[in-house]
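Listed below are the residues making up each chain.
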Amino acid sequence: MSRAQADTADTGAGAAPLARLYGRFVWSRLAIIGVLVAALLVSVLFDVATGPSPLSVADIVTGLLDRSALPRGQAVILWDLRLPFAAMAVLVGAALGLAGAEMQTVLNNPLASPFTLGVSAAATLGASLVIVMDLSVPGIGATYLIPAGAFVFAVGSVMVIQMLARSFGATTDTVVLFGIAMLFAMNALLWLVQYVASTDALQQMVFWTMGSLGRSTWDKVAVVAAVLGVCLPLSMRKVWAMTALRGGEDQAKSFGIPVETLRLRVLLRVSILAAAAVAFVGTIGFIGLVGPHIARLALGEDHRFYLPGSALAGALLLSLASIASKNLIPGLILPVGIVTALVGIPLFMTLILTQGRKL
Amino acid sequence: MSAGLFLAGLSLNGVSVGYGGRPVLSGLDLPAVAPGSVVALLGANGAGKSTLLKAMAGLGGATGRPAGQIVLNGQDLVGMTLEQRVHAVGYLPQALPQGSSLVAYEAVLSAVRAVRPDTPRDHVEASIERVFDTLGLRPLALRRLRELSGGQRQMIGLAQVLVRNPRLLLLDEPTSALDLRWQLTVLETVRRIADAERSICVIAIHDINLALRFCDHVVVLGHGRVLASGPPTHALDPDVLRHAYGIEARVEQCSRGFRLVLADRALPDAGRAAPPFQ
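Chains A and B are the protein sequences, given in the same order. Oh and the first sequence: position 11 is 13 in the working numbering, straight run, nothing missing. Oh and the second sequence: position 228 is 238 in the working numbering, straight run, nothing missing.
Just chain A, same shape as in the assembly (with noise of 0.2 Å):
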C-alpha cells in the first residue's frame, strides 16, 4: 500500500478535485467513442461503395440525396441491395456486441458471449427445424417463421440454462459450463436434423447457417433496429448496476442490487438480441467475444461507455467484414460469417498476445 504514497506524483492526482480530473478522463472517453463513430462511417461508406459494380463517393451521396438523380440500375444497386446490406452489417454487429458485452458483466467471464454459450446454435437450431419441417402458419409468411423459429429456441435456451442454474443454486462459472453444454447439444441436435433433412433442405441450411448478408432486406433491417432500438434503451436503464457488478457480485448485492433478477433479465435480453442477429444474417461468431474486448481495452468497464462501445465495436467489425468478403476473392462476395471468423481469429489473438493482461 506503501505505493499508493509513491504514486502521488505520477499521477498528477494531486490538489485538483477528483471531479475534474474525472471530467477530464470522461471527455477522452467520450472523445473514443467519437472516433468509432467516425470510423463506422467510413466504413460504411466503403462498404457502400465496394462491390462488382463500384460505385463513386459522389454518387452515393447524390443517390442517398436524390434517389432520381442516379441512373435507375445504380439507384437499384445503391437502395435495394448495398445500403440494406451495409446497415443489416451494422445493426446485427452493435446487436451482437451488446449481446457479448452484457453477457460477459453478468457472467462475470470474458469468454461469455451467445456464440461460446449456445444461444446462437440454439437460434440456429430453431431456424433449421423450421427449414426442414418445411413449417407453414396461415397469416406469417416463410420469411418470419424461420426467425421466430431462432427467437423461440434461443430464448427456451436461456430459460433451461436459467432453470438449471436456480435449482442447483448454481454460481456463474456453472451457468458458464451449462452454456458450453448447451452448445455441445445444440450443435449435435443440428448435425442430426442435418442428417435426416431432404437435400434441398440441407443446401438451404447450410447456407443459411453460414451466416450472410445477401438476405437482406429493408423489412428485415427494421426488424433489427426495432429490436435493438427496444434492447439498447433497457440496458442503458441499468448501467449503473451493471457496472456496480463489475466491481464484484457480493459489493453489487450489498448495494441491494437484486442480482439474480438482473441476471435473468440480460441473459433473456441477449437471446433476443442474438435470435435477431442469427434469425436474419445467419450464424456469425466472434463479433460477441471480440467487440466487447475491444471496448473494454479502449474504455474500461464503465457502462456508460462499455456498453455503446461495445455495440459500435461490434458493427465496425462486421462492417468492416462486410467489406472484406467482397474484396478477399475478386468477383465473389463471400458469407460474411466466414471472413468473420478468418478476419476475428488473427485479431483476437493479437488481442490476448499483446493485451492479455488487460482482458
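If you're looking for bench data, these hints aren't it; they were derived computationally from the structure. Mixed in with the good hints there might be a few duds.
Claimed, not checked - So the derived label-pair ranges between C-beta atoms look like this:
(1) B/G89 / A/V162: 32 to 40 Å
(2) A/S30 / B/N219: 44 to 52 Å
(3) A/V37 / B/R140: 31 to 39 Å
(4) A/V37 / B/D128: 27 to 35 Å
Stated by the list, open to error - From chain B, some residues computed to sit far from chain A (all C-beta separations above 12 Å):
(5) G19
(6) G56
(7) A77
(8) E262
(9) S265
Ideal Cβ placement from N, Cα and C applies to all residues, glycine included.
Chain A is already provided as a structure; the job is to place chain B on it using the hints.
The following block gives chain B in isolation, referenced to the frame of chain A:
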C-alpha cells in the same frame, strides 16, 4: 421493542439465523449499543460472524430472513425491504472488489448511483472527494481495479461503503488483506467516523488485539451463541478464549492501559467443547 419507544443505537433481541433449518446462531441478544460505538465481533472461523453481519445487512441469501429483532435507532431492520435497509446500512463483504477494468473512482461512483440514482451530481462528487481524502486514496482514483493490490482494492471496497454515509456500518474483516500500517489506518478511520458521525460500526475481525485497542464493545461468538459480551476491559478472559478459539491464552495489560491477548498454544479439539455457561 414496544411501539412508540425510540431508543437510539443498535440492539439484537433473540436473533436466530440458520442454513436450511440448521441453526448457525440462535437466540442472540445484544443490549443496546449507543450511537458512535465500534463493536468487534470475535470468534473462530465458522463461528457465525459473517452470517450475523449478512443477516443484519439483509443479505441472508441461503439463510433466509432471520428470526428475532435487529433494532437500529428504534426501527426493526428485519421487517424492512432490502431497499430501505440499504439506505440505513452499509455492508462491506469479506470478498475484495474484483480486479476489473473499472477505475477506482467509477467503482465508488457506481456504489452511490446504483443505490441512489437521483442524488444531485454536486453532492455525489463532494461525497466521493471526501471519502477518497479520508482514506488517503486520491492517487488511486483513476487506476483500474485490476492494477491495484489486494489491500488497495479492500480500501476501495471500504470507500464504497463509507461514501453513502450509512448509520450502521457492517464490516466483514476489513483488514484481512492489509499490512499493519493500513490496518491501523482503517481502524483509526472507522473510529473517527463513528465518533464524528455518531454512526455505529460492527466489525468482524480476527486480530483480537486490534479489536481491544479500537472498539468500545466486544462480542465473542461461539457454539451458536454469544460467549461473552462487554467492554474490552472485561469481555475477555482465558476461559472465554479457550472456548471460543480452542487456545490457551493470557490476557494482560500493556503500558498504555489496553488489554493484550497473548496466545500461548493451540489446545486439542476437546479444549473447544461447548462451555457450561451462557
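Results of checking the hints against the structure:
1. Take B/G89 and A/V162: their Cβ atoms lie about 37 Å apart, and the range 32 to 40 Å holds.
2. Look at A/S30 against B/N219: about 47 Å separates their beta carbons, and that is inside 44 to 52 Å.
3. Separation of A/V37 from B/R140 is about 35 Å and conforms to the stated range, judged on CB atoms against 31 to 39 Å.
4. Remark: the range hint 27 to 35 Å for A/V37 to B/D128 is upheld by a beta-carbon distance near 32 Å.
5. For B/G19, the condition that its CB be more than 12 Å from all CB atoms of chain A holds, with the nearest at approximately 22 Å.
6. The Cβ of B/G56 sits about 18 Å from the closest Cβ of chain A, beyond the 12 Å cut-off, so the non-interface label holds.
7. With 12 Å as the threshold on Cβ separation, the claim that B/A77 sits away from chain A holds: the shortest Cβ distance comes to roughly 22 Å.
8. Non-interface call for B/E262 relative to chain A: holds, since the shortest CB-CB distance, roughly 30 Å, exceeds 12 Å.
9. The Cβ of B/S265 sits about 28 Å from the closest Cβ of chain A, beyond the 12 Å cut-off, so the non-interface label holds.
Hint compliance for this structure: no hint is broken.
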